[in-house]
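A.B. asks: Residue strings, one per chain:
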Amino acid sequence: MSEGTGRKAPYIIPIGPTHPALKEPVMFTFEMEGEMIRDVDFAPGQTHRGIEWMGMRRNPVQIVHLTDRICGICGVSHTFAFARAVEQIAEIEVPERADYVRTIIAEFERIQSHLLWAGVAAHELGFDSLLHLTWRVREQSMDVIENLTGNRVNYGIVQVGGVRRDIVPEQHQIIEDCLATYEGLLSKLLSLFLDDRSIALRCRDVGVLSQKDALELCTVGPTARASGVNVDLRQDYPYSAYGDLDVRTILPDQYAGETRGDVYDRIVVRLLEVGQSCGIIRQCLDEMPAGEVTAEPKIAKLLAICKKASGEAIGRVEAPRGECFHYVRMEAQEAPHSWKVKASSYSNLMSWIPMLRGEQIADIPIIVASIDPCLSCTDRVAVIRGERRDILSKEDLHRLSVEATRRLQA
Amino acid sequence: MKLTRSFNRSLWAFHFNSGSCNGCEIEIVAAITPRYDPERFGIKLVGTPRHADVLVITGPVVKKMKDRLLRVYAQMPEPKVVMCVGTCGISGGVFYDSYNLEGPVDEVIPVDVYVPGCPPRPEAIIHGVVKALEKLERIQGGGR
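For the record, the sequence lines run as chains L and U.
Position one of the first sequence corresponds to residue 1 (the working numbering), numbered consecutively onward.
Position one of the second sequence corresponds to residue 1001 (the working numbering), numbered consecutively onward.
Quick caveat, the hints were computed from the structure, so don't treat them as lab data.
Hints should not be assumed to be uniformly reliable.
The calculated SDA-like cross-link candidates involving lysine to any residue, where the alpha carbons are at most 20 angstroms apart (straight line), are [claimed, not checked]:
no. : chain 1 : residue 1 : chain 2 : residue 2
1   : L       : LYS340    : U       : LYS1044
2   : U       : LYS1063   : L       : GLU91
3   : U       : LYS1066   : L       : GLY45
4   : U       : LYS1066   : L       : LYS340
5   : L       : LYS342    : L       : ASP177
6   : L       : LYS298    : L       : ILE15
7   : U       : LYS1044   : L       : GLY45
8   : U       : LYS1066   : L       : MET27
9   : L       : LYS340    : L       : ARG399
10  : U       : LYS1063   : L       : PHE42
11  : U       : LYS1066   : L       : GLY126
12  : U       : LYS1066   : L       : ILE15
13  : U       : LYS1044   : L       : ARG380
14  : L       : LYS340    : U       : SER1098
15  : U       : LYS1066   : L       : GLU91
16  : U       : LYS1066   : L       : HIS19
17  : U       : LYS1066   : L       : PRO14
18  : U       : LYS1066   : L       : ALA43
19  : U       : LYS1066   : L       : LYS342
Just so you know, these numbers come straight off a predicted model, no measurement behind them.
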């Protein structure tokens, strides 16, 4: 403490890469003034596994199992986006029924992911009984996912050209039971989270992200929607079965009458989306057409089609955390010529900085968790050069990008 | 049911993510939540390796996490047992040919219990913890 002036000198708190408040490795450096965060920097890249590099040495049927494992929580979104990109390049037409099955699985994934997040958020607030309650009810969606796909996590259901399993009539009742449970539970969950005084005290006007910042930082998904940005790929760019369905963006003012862009609003958006997903799944079950679930059931034939394909395409999917983007370029070879993944958390991480500035140390865990960060989705690069830190300006990045394009065209 | 001697004391586990895809993480958390509730046997996750009996490792050990894994391992008091959860930590799994791996885990630190699966089910993880508990008892009794 400096003498005389009565002001505390700023000091640095490092948090991470391994820390009980963080579920995944990421390195934070907080510049503190007393209890207040003056500035913050973070370094992702601690879980980089080189997935794109490995993918460029495998064929699309093998990559599908790799994309499942980009992220254990939103596995189907990555596979879905990748498969959509490859299908466009190879001009494979996905049967309509497969589109519906994919949509149902993607919505179940959203339900389990949002409930998982709600539990983690309660835990970060120190409300562990609510963590246990949400995770107990989450198990029912995991059971249904297991019933539909055969796996609880890393479902392995989406294949290039369709899906690997159909939903049979006997399974409709199981799905319906699960949806009924969640629809009955939703009002209870909403009142547990949103009418609770301590949750409101900890979350209202904490970690605020203004609509302007949300737009400028290109945030996506529930993080953007909680700040009042009307974006949802399912509404703006309907893919798969979403074109036939009526999906409207959920914004926090639909519940609270106002949008403040704080942690509370992010809870509102995610919980309401659980209800929305239940509605989408029910609509899908009612409207699902009969027919095949895959364009090409024989793997060898499918590989031969992919091997002949050349061109480039992007696949975009609204993952539970926001837009998940896959760029694939194939040049009539077994493996893709290039493959780029931009996960939703990549777009959202930067919003940490305006959210955390000016907040208290005690609010770090909940603010960090409030964007539902997924580092394993995000870490597409790891910079390993001793202790040196590289800061790239916009011009440097532009130059690197131009060079990379030239290399690809050469 | 008569409980074995392994249940005489509680067992605290520290979870270390060495670059996993989150699949094993959510199954570990699912394993400690009410459906399975191993906390009634004293099994729970703790926030620091210094309080832990078991180190639960997920992920294939990427380059940046190797030193951190060694440090966390060194911070744990003896006797300690290491549990490797998930196929990628055991053999590399789907990430076997990546340029950024220092793993599998047993090439970095000694592993006592392997739980295969991508990811393993919560039941398998709890089974692994019980095996770790038995091993801990053996080490304390002077055996291996």
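A.B. asks: Next, verify each hint and record whether it holds.
C.D. replies: Status of each hint after checking the structure:
A hinted pair counts as satisfied when its Cα atoms are at most 20 angstroms apart, and LYS340/L with LYS1044/U does not qualify at roughly 39 angstroms. In summary, the hint linking LYS1063/U to GLU91/L is not supported, as the alpha carbons are separated by about 39 angstroms, beyond the 20 angstroms threshold. Only pairs whose Cα atoms come within 20 angstroms are accepted, and LYS1066/U paired with GLY45/L is accepted, the gap being roughly 14 angstroms. As the CA atoms of LYS1066/U and LYS340/L are separated by approximately 26 angstroms, the hinted pair breaks the 20 angstroms bound.
Restraint check: the Cα-Cα separation between LYS342/L and ASP177/L comes to about 35 angstroms, which exceeds 20 angstroms; the hinted pair is violated. Our distance criterion of 20 angstroms between C-alpha atoms is broken by LYS298/L and ILE15/L, whose separation comes to about 50 angstroms. Between the alpha carbons of LYS1044/U and GLY45/L the distance comes to roughly 29 angstroms, so the proposed pair goes past 20 angstroms and is violated. For the hint pairing LYS1066/U with MET27/L, the CA-to-CA distance comes to about 15 angstroms; that is within 20 angstroms, so the pair holds.
Pair hint LYS340/L plus ARG399/L holds up; C-alpha atoms about 18 angstroms apart against a cutoff of 20 angstroms. With a CA separation close to 18 angstroms, the supplied pair LYS1063/U and PHE42/L stays within the 20 angstroms bound. Restraint check for LYS1066/U and GLY126/L: the C-alpha separation of about 31 angstroms exceeds 20 angstroms, so the hint is violated. With a C-alpha separation of about 18 angstroms, the suggested pair LYS1066/U and ILE15/L falls inside the 20 angstroms cut-off, and the hint holds.
A threshold of 20 angstroms between alpha carbons decides the hint, and for LYS1044/U with ARG380/L the separation of about 32 angstroms lies outside it, so the pair is violated. Taking the CA atoms of LYS340/L and SER1098/U, the gap is about 16 angstroms. The hint holds against a cut of 20 angstroms. Taking the CA atoms of LYS1066/U and GLU91/L, the gap is about 43 angstroms. The hint is violated against a cut of 20 angstroms. Between LYS1066/U and HIS19/L the CA atoms are separated by roughly 16 angstroms; this keeps the pair inside 20 angstroms, and the hint holds.
Using a Cα cut-off of 20 angstroms, the hinted pair LYS1066/U and PRO14/L holds, with the two alpha carbons roughly 19 angstroms apart. A hinted pair counts as satisfied when its Cα atoms are at most 20 angstroms apart, and LYS1066/U with ALA43/L qualifies at roughly 17 angstroms. The hinted pair formed by LYS1066/U and LYS342/L fails the criterion: a straight-line CA distance of about 26 angstroms is larger than 20 angstroms.
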